[in-house]
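If you're matching them up, the sequences are chains A and B in order.
Residues in the first sequence are numbered from 0 upward in steps of one, following numbering that gives the first Met the number 0.
Residues in the second sequence are numbered from 0 upward in steps of one, following numbering that gives the first Met the number 0.
Think of the hints as simulated: they come from the structure by calculation, not from any bench.
Be careful, since some hints might not be right.
[To be verified] In the PhoX-like style, the derived pairs of lysine-lysine whose C-alpha atoms are separated by at most 20 Å in a straight line are:
no., chain 1, residue 1, chain 2, residue 2
1, B, 77, A, 146
2, A, 29, A, 195
3, A, 68, A, 107
4, A, 219, A, 6
5, A, 62, A, 6
6, B, 129, B, 77
7, A, 146, B, 129
8, A, 11, A, 29
9, A, 6, A, 68
10, A, 146, A, 29
11, A, 11, A, 68
12, A, 146, B, 206
13, A, 107, B, 206
14, A, 68, B, 206
15, A, 64, A, 27
16, A, 27, A, 245
17, A, 73, B, 5
18, A, 146, B, 313
19, A, 27, A, 62
20, A, 215, A, 27
21, B, 206, B, 5
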Amino acid sequence: MVFLETKNLTKKFGGNTAVNNVDFTIEKGKINAIIGPNGAGKSTFFNLVSGFHPPTSGQVIFKGKDITKLPSNKIAELGVARTFQTTNLFDQATVLDNVIVGHRLRTKSNLFDAIFRTKRLKQEEKQCRDKAIEVLDFVGLTDVAYKLAGSLSQEEKKRVAFALGLATDPEIIFLDEPAAGVNPDETDGLAELMEKMVERGITVCLIEHKMSMIMKLADKIMVLSYGEKIAEGTPEEIQNNEAVIKAYLGGSAIA
Amino acid sequence: MAGLLKQRNIIAVLIVFAIVFPFITNNNYFIHIMTLAFIWIIGVYGLNLLAGYTGYLSLAHAGFFAIGAYSLALLTTKAQMNYWLAFVLALIITSVLGMIIGLISLRTKEHFFAIYTLCVGYIIYLVIDKWDSLTGGVRGLIGIPAPGNIGPIEFNTPISNYYLVLFFLLITVLVVYRIVHSLTGRTYIAIRNSEDLAQTIGINTMKNKLMVFVISTFFAGLAGALYASFIRFIGPDIGYITITFDLLTYLIVGGIGTLSGPVIGTILIVWVSQQLQFLQDYRMMIFGPILTLLVIFYPRGISGGFIDWRAKRKEKKQNQLNLENQQMLSAQETSAASNKNG
Ligand SMILES: Nc1ncnc2c1ncn2[C@@H]1O[C@H](COP(=O)(O)OP(=O)(O)OP(=O)(O)O)[C@@H](O)[C@H]1O
Ligand SMILES: [Mg+2]
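Modelling step: build the complete structure from the supplied sequences, incorporating the hints.
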């Protein structure tokens, strides 16, 4: 079943076409990957899908609904989460405090509730806290929940970023280079976590440079090069694809 | 000792101190200075919500302070309105103007926002200064009435004014405290941390920023209105940039983005500069270097520095505790193992 789909998606920054006419479909309950050389337009593709940048042309369709023109906060409300290539947490606050706000979009309390400490506020604060504790447990960070975010390792920070995304109750999560700057052992742990998300019914789409990880993990891969989709298919198909091997200079990067 | 230092107790002691202060000093001049400091603190809290908690440094704050003051002054003197009606209207006028200006200026970010609001603040000052027929221009407005009676309570003595301002200050602290410690406050902090991230976790950043901007101008207006009826005379200089920078200095010294910062910074600076009055403008030769050092070594001010110090100490303790637990566990394991072997 097509879950999320892009049609002729294009983004130009001045004369530079970062994403060029990309058609891509994401199936529900699968791990989808986007690979490609640096500057290929992968992050820009995420930015377009999550409503962060408006596309120059083309469409993004999520569960049959055209979301191309929606602002990113509305897209998040529909159940599309994402993480950024660089994790920016609030270092002076605890991990738990960082994640609690992730569930804010599912709550309604406003300034009035805040000033008068209404029942609704108390209830929703508990709801957000419970959600944060739940997703921290899910990503395996219960032990560090009360530590300052600034004191965490790179890998733990990545997990917090996942948790923050998961706290929004997404149906699909876009992860931008989740394993960058993380050592090989920890990479396996993060891969397991992504599989666990899929088991939970969350569709995953990730950008990654770590080929061995992608080839093991992904159900489907799209390859971008200079903004264009040059290949799409299963890991085996991608590994044997002429155009892909050429884009990666003789295939040395794919192994 | 640790129990004594609990936040709740400190707050209670401070409130009691503020209540008995007039009786301790019995000096009308000191009461006057303290009342003024309280008025500034209210304004600083407004600035803190916007600049400290949401990350938008507005330099138009004195402008809104002046709008509050002038609205109250004009409504009471020229329109002869009932004091408290004028008071409420002054707050509404400031907030509505705040919303309009916020809608425009919040399209910019960071330095551009600071510079943009600096210009807005200056324009507000110019309008007040040049609109002679309405504001009295450089001559200002005189004869602003003291706060109107509430039932049998009159506000024509320094002490009664002191308590009135203290009342509004306590309300302000309570409201800001509750906002900061709510989901709304978390939302603002998320915006300060990273607006992009906030937006992607579903927060309507523009709506939230506009809300804080309006609240911040509301408190500036409240401070202004109280100022006008306390001093009873106002001139365009209350909207000048120097007032903005005074408020900002109080906030930075006390601790930007902290709850106690506005109180600590304002009271400290107001009293120290009272003591250094004999130095006249040379005071700045003392303040300048101290401020510079503070910003370098304690970017989150006195209060922020204290909070960081306490957090570090707590973590150290926690680590030590973990270490001890581990040692104990491993000791138990070895003894268990040796028991088995034996
Ligand atoms: N906001 C922007 N403004 C202008 N140009 C941009 C912007 N964002 C990206 N680009 C350009 O678009 C192209 C694609 O960038 P993008 O970040 O999407 O690449 P990427 O595939 O994610 O690369 P990497 O693997 O290094 O993260 C680059 O040429 C980049 O300079
Ligand atoms: Mg990228």
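Now the hints, each set against the structure:
{"no.": "1", "hint": "B:77 with A:146", "verdict": "58 Å, violated"}
{"no.": "2", "hint": "A:29 with A:195", "verdict": "11 Å, holds"}
{"no.": "3", "hint": "A:68 with A:107", "verdict": "24 Å, violated"}
{"no.": "4", "hint": "A:219 with A:6", "verdict": "18 Å, holds"}
{"no.": "5", "hint": "A:62 with A:6", "verdict": "14 Å, holds"}
{"no.": "6", "hint": "B:129 with B:77", "verdict": "18 Å, holds"}
{"no.": "7", "hint": "A:146 with B:129", "verdict": "55 Å, violated"}
{"no.": "8", "hint": "A:11 with A:29", "verdict": "29 Å, violated"}
{"no.": "9", "hint": "A:6 with A:68", "verdict": "14 Å, holds"}
{"no.": "10", "hint": "A:146 with A:29", "verdict": "33 Å, violated"}
{"no.": "11", "hint": "A:11 with A:68", "verdict": "16 Å, holds"}
{"no.": "12", "hint": "A:146 with B:206", "verdict": "31 Å, violated"}
{"no.": "13", "hint": "A:107 with B:206", "verdict": "14 Å, holds"}
{"no.": "14", "hint": "A:68 with B:206", "verdict": "18 Å, holds"}
{"no.": "15", "hint": "A:64 with A:27", "verdict": "15 Å, holds"}
{"no.": "16", "hint": "A:27 with A:245", "verdict": "31 Å, violated"}
{"no.": "17", "hint": "A:73 with B:5", "verdict": "42 Å, violated"}
{"no.": "18", "hint": "A:146 with B:313", "verdict": "10 Å, holds"}
{"no.": "19", "hint": "A:27 with A:62", "verdict": "10 Å, holds"}
{"no.": "20", "hint": "A:215 with A:27", "verdict": "19 Å, holds"}
{"no.": "21", "hint": "B:206 with B:5", "verdict": "36 Å, violated"}
Going down the numbered hints, you'll see the structure goes against 1, 3, 7, 8, 10, 12, 16, 17 and 21, while the others check out.
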